[in-house]
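Residue numbers (the numbering used here), protein chains in the order written: chain D, 1 to 137; chain C, 1 to 137; chain V, 1 to 137.
Keep in mind that the hints were calculated from the coordinates and are not lab data.
Treat the hints with care, as some may be off.
[To be verified] Here are the simulated BS3-like cross-link-like pairs (lysine-lysine), alpha carbons at most 25 Å apart as the crow flies:
no.	chain 1	residue 1	chain 2	residue 2
1	D	K104	C	K104
2	C	K16	C	K65
3	V	K104	D	K104
4	D	K65	C	K16
5	V	K4	C	K4
6	V	K4	V	K27
7	D	K65	V	K65
8	V	K65	C	K65
Nothing here was measured: the structure is a model prediction, and the numbers come from that model.
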Amino acid sequence: MNVKLGEIRIDTINQKELVDITGEVSKGVTKSEINNGICVVYSMHSTSAIIINENEAGLREDILKKASDDFCSGSSWQHDRIDDNAAAHLAAAFTGPSVVIPVKNGSLTLGMWQSVFFLELDGPRSGRRVVIEVIGE
Amino acid sequence: MNVKLGEIRIDTINQKELVDITGEVSKGVTKSEINNGICVVYSMHSTSAIIINENEAGLREDILKKASDDFCSGSSWQHDRIDDNAAAHLAAAFTGPSVVIPVKNGSLTLGMWQSVFFLELDGPRSGRRVVIEVIGE
Amino acid sequence: MNVKLGEIRIDTINQKELVDITGEVSKGVTKSEINNGICVVYSMHSTSAIIINENEAGLREDILKKASDDFCSGSSWQHDRIDDNAAAHLAAAFTGPSVVIPVKNGSLTLGMWQSVFFLELDGPRSGRRVVIEVIGE
Numbered sequence: 001m002n003v004k005l006g007e008i009r010i011d012t013i014n015q016k017e018l019v020d021i022t023g024e025v026s027k028g029v030t031k032s033e034i035n036n037g038i039c040v041v042y043s044m045h046s047t048s049a050i051i052i053n054e055n056e057a058g059l060r061e062d063i064l065k066k067a068s069d070d071f072c073s074g075s076s077w078q079h080d081r082i083d084d085n086a087a088a089h090l091a092a093a094f095t096g097p098s099v100v101i102p103v104k105n106g107s108l109t110l111g112m113w114q115s116v117f118f119l120e121l122d123g124p125r126s127g128r129r130v131v132i133e134v135i136g137e
Numbered sequence: 001m002n003v004k005l006g007e008i009r010i011d012t013i014n015q016k017e018l019v020d021i022t023g024e025v026s027k028g029v030t031k032s033e034i035n036n037g038i039c040v041v042y043s044m045h046s047t048s049a050i051i052i053n054e055n056e057a058g059l060r061e062d063i064l065k066k067a068s069d070d071f072c073s074g075s076s077w078q079h080d081r082i083d084d085n086a087a088a089h090l091a092a093a094f095t096g097p098s099v100v101i102p103v104k105n106g107s108l109t110l111g112m113w114q115s116v117f118f119l120e121l122d123g124p125r126s127g128r129r130v131v132i133e134v135i136g137e
Numbered sequence: 001m002n003v004k005l006g007e008i009r010i011d012t013i014n015q016k017e018l019v020d021i022t023g024e025v026s027k028g029v030t031k032s033e034i035n036n037g038i039c040v041v042y043s044m045h046s047t048s049a050i051i052i053n054e055n056e057a058g059l060r061e062d063i064l065k066k067a068s069d070d071f072c073s074g075s076s077w078q079h080d081r082i083d084d085n086a087a088a089h090l091a092a093a094f095t096g097p098s099v100v101i102p103v104k105n106g107s108l109t110l111g112m113w114q115s116v117f118f119l120e121l122d123g124p125r126s127g128r129r130v131v132i133e134v135i136g137e
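Model the full structure from these sequences, guided by the hints.
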């Protein structure tokens, strides 16, 4: 049984942005040489999230629009007095900073239409840190 | 330390549907012969989710209604031009494809009012695949 | 490879409340003597959730307001005929009962602005049970 911990850094260029990190996560699994176990993808920020869905250009726009529609700035949030990014915090809090994906025969058990995304909610930012951890045998 | 990977297939008959899979998940834990560890339940689809809540008939209807209310079709989503199921993708993306439940003394640490559900968001479908993984000692 | 299972009890005093449990979770990691692995924080209730975000007084209020705004009581939910707390169940179902955080060099990989919260959605309640589990080496 082994634990392999890695980290990637992500630079974002828009206020809201979806970054497909499936390749980096898969690479982490391959490098770990773990055949069966789990992969944890964890964002170390409170204004971003990790989600899994299909990587289709229109849907990527839909996801960002939905995050904007459901978590509005300008709703007189108290945190806006301090940082003016309450909406981003709220979207992050209710979406969640991590996903856990089984690893089987050396690969993520992602379905055909599943990609792993870093969801930027308060960009642009440089050096966003995402932990990629693989545990198993 | 052991890793046990299994999979179940689920057929759904409605557009939106909650399928209680607590029995199958518990069976996976029993079969694994793992006493202490975790159980990961992971749906391999981008138009479904895994949730945990109480299995009460009225509440099951409420959960499906809430998913419909909050993730509307007909909102001119871009993905609808391709597949006409953007709302299902959005609900899946923001709800999440997996849950992780501790395993203690050979059982899931589910509370008295907690059941594990497969949430179909784009049915009816046959052969929905859900990975049930148990890791521990 | 080791598995350490612990539990904390939480008393809440308001209908909705955020309880910062970062200290208890960190203590669980320290006590486990596990250096690298994961920590699972799991709430055994269907009217509460676990979230991660910044512990700032205004933002804490914003999070509770958002939970109230998005999951309204009085929407003629069917479960309200039985228990009058459907809104709390719905918020719990779509937010989720658990988080998984990597453990690295004996510490949680929490970012600078990340705290772990128990989110009470149907309080006040006494003796809310939260499992804190650490797995690793």
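Hint check results:
| no. | hint | verdict |
| --- | --- | --- |
| 1 | K104(D) to K104(C) | holds, 23 Å |
| 2 | K16(C) to K65(C) | holds, 9 Å |
| 3 | K104(V) to K104(D) | holds, 23 Å |
| 4 | K65(D) to K16(C) | holds, 23 Å |
| 5 | K4(V) to K4(C) | holds, 19 Å |
| 6 | K4(V) to K27(V) | holds, 12 Å |
| 7 | K65(D) to K65(V) | holds, 22 Å |
| 8 | K65(V) to K65(C) | holds, 22 Å |
Consistency note: the structure conflicts with none of the earlier hints.
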